[in-house]
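Q: Could you slot chains F, V and E onto chain P? The hints should help.
4 protein chains.
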Amino acid sequence: MVRRARGDRFMSSETARVEAFSDGVFAIAITLLVLEFKVPARGSGVLSFQLLRQWPYYLSFVSSFAFIGIMWINHHRMFTHIRKSNNVLLHLNLLLLLGVTFVPFPTSVIAVHLGGPDQRAAAILFNATYVLIAILFNLLWRYASSSRAGLLSKDVDTAAVARITRQYSFGPVLYMICLGLVWVNVLASLVMNLLLACYFALSPSPNHGER
Amino acid sequence: MVRRARGDRFMSSETARVEAFSDGVFAIAITLLVLEFKVPARGSGVLSFQLLRQWPYYLSFVSSFAFIGIMWINHHRMFTHIRKSNNVLLHLNLLLLLGVTFVPFPTSVIAVHLGGPDQRAAAILFNATYVLIAILFNLLWRYASSSRAGLLSKDVDTAAVARITRQYSFGPVLYMICLGLVWVNVLASLVMNLLLACYFALSPSPNHGER
Amino acid sequence: MVRRARGDRFMSSETARVEAFSDGVFAIAITLLVLEFKVPARGSGVLSFQLLRQWPYYLSFVSSFAFIGIMWINHHRMFTHIRKSNNVLLHLNLLLLLGVTFVPFPTSVIAVHLGGPDQRAAAILFNATYVLIAILFNLLWRYASSSRAGLLSKDVDTAAVARITRQYSFGPVLYMICLGLVWVNVLASLVMNLLLACYFALSPSPNHGER
Amino acid sequence: MVRRARGDRFMSSETARVEAFSDGVFAIAITLLVLEFKVPARGSGVLSFQLLRQWPYYLSFVSSFAFIGIMWINHHRMFTHIRKSNNVLLHLNLLLLLGVTFVPFPTSVIAVHLGGPDQRAAAILFNATYVLIAILFNLLWRYASSSRAGLLSKDVDTAAVARITRQYSFGPVLYMICLGLVWVNVLASLVMNLLLACYFALSPSPNHGER
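Residue numbers (the numbering used here), protein chains in the order written: chain P, 38 to 248; chain F, 38 to 248; chain V, 38 to 248; chain E, 38 to 248.
Isolated chain P, as found in the complex:
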């Protein structure tokens, strides 16, 4: 969104508007979740029971929020290292955002169907979405951090870059295992999915803030 001053003492960032657009998408995706809640009408029963009965929506709200929030943190982390932008990056970023905006749907499906006769189908949709997103995160990062693309800053912290690459490379495999677990035990697959979210929430670089 901001064209940077150019001069030998100043770094230029071409990624400002990509980040602004992505921030917008993340912010909206995370905020739309509250639209799921329905206010029980007066006289439709005891309010506290009505509110408690909506627990799958609360579960879905909190977990979608956590998932999208963690993806935003990871997006932010990648773009602290990316300094230049090109057409390929813009397209890969759009693909990743497509995955991000889709997240509320499988999360709602699993929240509604958990414990029901169709929980397996719901869990397949849910875990498959994360396999896809993990692949898209890898595609974006692999491309952006490749020396061929040359999009990283020159004075980039190569150790931090390598740590992200290493952490992300496990993503698709781990989420594929999650997906496989669905046929063994639906609940176990969801618990493993949550644990993976925690794994990606933690920065591989303890000093990522120190640019």
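No wet-lab data here; the hints were simulated from the structure.
Please note that a few of the clues may not be correct.
Below 27 Å or equal to it, Euclidean Cα-Cα: the simulated DSS-like pairs (lysine-lysine) are [as the list claims (entries may be wrong)]:
{"hint": "1", "chain 1": "V", "residue 1": "K121", "chain 2": "V", "residue 2": "K191"}
{"hint": "2", "chain 1": "P", "residue 1": "K75", "chain 2": "E", "residue 2": "K75"}
{"hint": "3", "chain 1": "F", "residue 1": "K75", "chain 2": "P", "residue 2": "K75"}
{"hint": "4", "chain 1": "F", "residue 1": "K191", "chain 2": "F", "residue 2": "K121"}
{"hint": "5", "chain 1": "E", "residue 1": "K191", "chain 2": "E", "residue 2": "K121"}
{"hint": "6", "chain 1": "P", "residue 1": "K121", "chain 2": "F", "residue 2": "K121"}
{"hint": "7", "chain 1": "V", "residue 1": "K121", "chain 2": "E", "residue 2": "K121"}
{"hint": "8", "chain 1": "E", "residue 1": "K75", "chain 2": "V", "residue 2": "K75"}
{"hint": "9", "chain 1": "F", "residue 1": "K75", "chain 2": "V", "residue 2": "K75"}
{"hint": "10", "chain 1": "E", "residue 1": "K121", "chain 2": "P", "residue 2": "K121"}
{"hint": "11", "chain 1": "F", "residue 1": "K75", "chain 2": "E", "residue 2": "K75"}
{"hint": "12", "chain 1": "V", "residue 1": "K191", "chain 2": "E", "residue 2": "K121"}
{"hint": "13", "chain 1": "V", "residue 1": "K75", "chain 2": "P", "residue 2": "K75"}
{"hint": "14", "chain 1": "F", "residue 1": "K121", "chain 2": "P", "residue 2": "K191"}
{"hint": "15", "chain 1": "P", "residue 1": "K191", "chain 2": "P", "residue 2": "K121"}
{"hint": "16", "chain 1": "F", "residue 1": "K121", "chain 2": "V", "residue 2": "K121"}
A: Just chains F, V and E now, with coordinates in the frame of chain P:
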């Protein structure tokens, strides 16, 4: 969203993208409120009565708007002092935003059920949300302003920081009293909640704009 | 959103985050309008007729878009002159945004009820909203441009500021006349409202872009 | 959103806030698409069938996302060359955004009616929307890049500007052919529309990122 020029004469801010993302969430949460309104269809009765009958929605719209707006002002105020960002700050900020995006729901519930047989349950949900948000504001500010985290600017106005700390520290206790008041008198608890919003709307630092 | 470099050769702007938040609110308010459209289901009748029957929604969409767009341009114009921010400005800006986010509702009401038996009530709601918004624009601009508040840039174009002040001062009166016209002729009041929008769309300062 | 430092060594950009507002509109338009999905209720049938039956919504989601994403990339590309802003640019940009926010509607209509008796009417609405948007892109770019308006940067890459002008000039004609094709073969017109999207997704300037 913006990588800052680095040089001895320029301050660097790592919080730009955190603020941009948060701004997005606040802006969306505050704008989604209008979706509550329903346009009365033609021929469904006298329009002015139909419009007036929606008064709980107007009340809910204006008060949710005020609450979220005041939280945005407070978020803005905190981040005028915060200069660096780290992983813990990102997570605490996400938790706070979770609270912010939830606000329209309890506000709608209270607007619909005020004066009805279930107004106590609605008021409990409403006030409990604010106890939680007050705690989250304290967590974020306490962490960010701690010398251990070292996220404040070096030339920060320590008096202003202390004033915010002092004001925020009363929040959870005061909202807890609000919540307790529900069992005494529902209306009194809501009036006290509104007065607290006014209290937090007022800057503890009269010259917060003068950075 | 952006803390500006401070130095004698650089202007500092404290309004960046206020503008970012306001931009978000305007952008969302203007984009939510499309949610009004309903896709006719298959087999519910001849599609082209079904689409044409939705004309009040198209009218409402285009005019709400124009109204909010013009308000954004005016907001943008004011903030090209405002350099500092304080608590009062933040609150007045929030009040103005409250008016902006409300706009889609009266616009939908008038689109649905125009030509019906309740068109007068709809037109009162519609024009009263604009009286209110015109007052809020004046409040914000009068405060921000007052020498007492001292929020304008030092090297501000005083002629441009005076032109905005003059143009805005007519707003509340003109919209009040619009509102009064409702009791004479509903259609005439709406046509005058549209003409007023055009009047405010045109910059009072032909070189406002040349800062 | 950001007032730029002025000085001989620094370029000033007046377009920051126009871009921020536009980014917001694009981000919201692209994220609202997910609201179309409906979570099948428990016990309403076999979940996997229910999910598969929603395929027109998935198609509509992915293609609207792609269309809006590609328009964002083009908007971004234009504004990497535009340095100044004026009233005419603001209005032309608003008109273009009006087209952008409308896109989800015709896309949903075509997704629901493809293969049905009304697919021709749906395809006319769909292709006509793109004729309009192609014209609006041309209007904005022709104006902004005209030497009369003088909005481009002084050190602009004139070859890149010419390439964009050339590519865009084909847009309205090509989309008009698409629209004409509807009367010959609906499916062929949609396939051609998709191919055109790919054409505009590809940068006419291979080094557009290298400013």
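Q: Please go over all the hints and tell whether each is borne out by the structure.
A: We went through each hint and held it up to the structure:
Straight-line distance between C-alpha atoms of K121(V) and K191(V) comes to about 11 Å, which keeps the hinted pair within the 27 Å bound. As the CA atoms of K75(P) and K75(E) are separated by approximately 15 Å, the hinted pair is consistent with the 27 Å bound. With a C-alpha separation of about 15 Å, the suggested pair K75(F) and K75(P) falls inside the 27 Å cut-off, and the hint holds. This hinted pair checks out: K191(F) and K121(F) have alpha carbons roughly 11 Å apart, not beyond 27 Å.
Restraint check: the Cα-Cα separation between K191(E) and K121(E) comes to about 11 Å, which is no more than 27 Å; the hinted pair holds. At roughly 23 Å between alpha-carbon atoms, K121(P) and K121(F) fall within 27 Å of each other, so this suggested pair holds. Our distance criterion of 27 Å between C-alpha atoms is met by K121(V) and K121(E), whose separation comes to about 23 Å. Restraint check: the Cα-Cα separation between K75(E) and K75(V) comes to about 15 Å, which is no more than 27 Å; the hinted pair holds.
Pair hint K75(F) plus K75(V) holds up; C-alpha atoms about 15 Å apart against a cutoff of 27 Å. Note on K121(E) and K121(P): the hinted pairing holds, with a Cα-Cα distance of about 23 Å set against a maximum of 27 Å. Pair hint K75(F) plus K75(E) holds up; C-alpha atoms about 21 Å apart against a cutoff of 27 Å. Annotation: proposed proximity of K191(V) to K121(E) holds, straight-line Cα distance about 22 Å (limit 27 Å).
A C-alpha spacing of about 21 Å is found between K75(V) and K75(P), which places the hinted pair at or below 27 Å, so the restraint holds. Distance hint between K121(F) and K191(P) is fulfilled; the C-alpha atoms sit about 22 Å from each other, no more than 27 Å. Pair hint K191(P) plus K121(P) holds up; C-alpha atoms about 11 Å apart against a cutoff of 27 Å. Straight-line distance between C-alpha atoms of K121(F) and K121(V) comes to about 23 Å, which keeps the hinted pair within the 27 Å bound.
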